[in-house]
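Residue numbering for the sequence shown follows my numbering, beginning at 3 and increasing consecutively.
Think of the hints as simulated: they come from the structure by calculation, not from any bench.
Be aware that a few hints might be false.
Estimated spans, in silico, between C-beta atoms of each pair [what the hints assert, rightly or not]:
1. Leu58 to Gly17: 36 to 42 Å
2. Ala52 to Asp7: 50 to 56 Å
3. Ser34 to Glu71: 27 to 33 Å
4. Leu20 to Val53: 31 to 37 Å
5. Gly17 to Glu51: 28 to 34 Å
Glycine included, each C-beta is placed from N, C-alpha and C at the ideal position.
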Amino acid sequence: MNPADINCAEACVNGCVLGDQCPNLEYRAQASQFIASTSLDDMLAIAEEAVRKKTLERVSEAPQWVFPEDGI
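Based on the provided sequences and hints, a complete structural model is requested.
Right, here's the structure in full:
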């Protein structure tokens, strides 16, 4: 298999199909290290902070009005 021909998001749902040829080995190792060294409480805190930031971004944006093509 040619790594360039594989869509990892679809082909590797049940595990990597490329093995040692995987172009994402570095990221897989980083993710494994993060999971092993970070407590679940810390992961939840990171996720909560990300949601809070996203919510603040949405609230601070000006509203976008969408009008129907045939008028109001």
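Exercise for review: Hints the structure violates: just list their numbers, smallest first.
Suggested key: 2, 3
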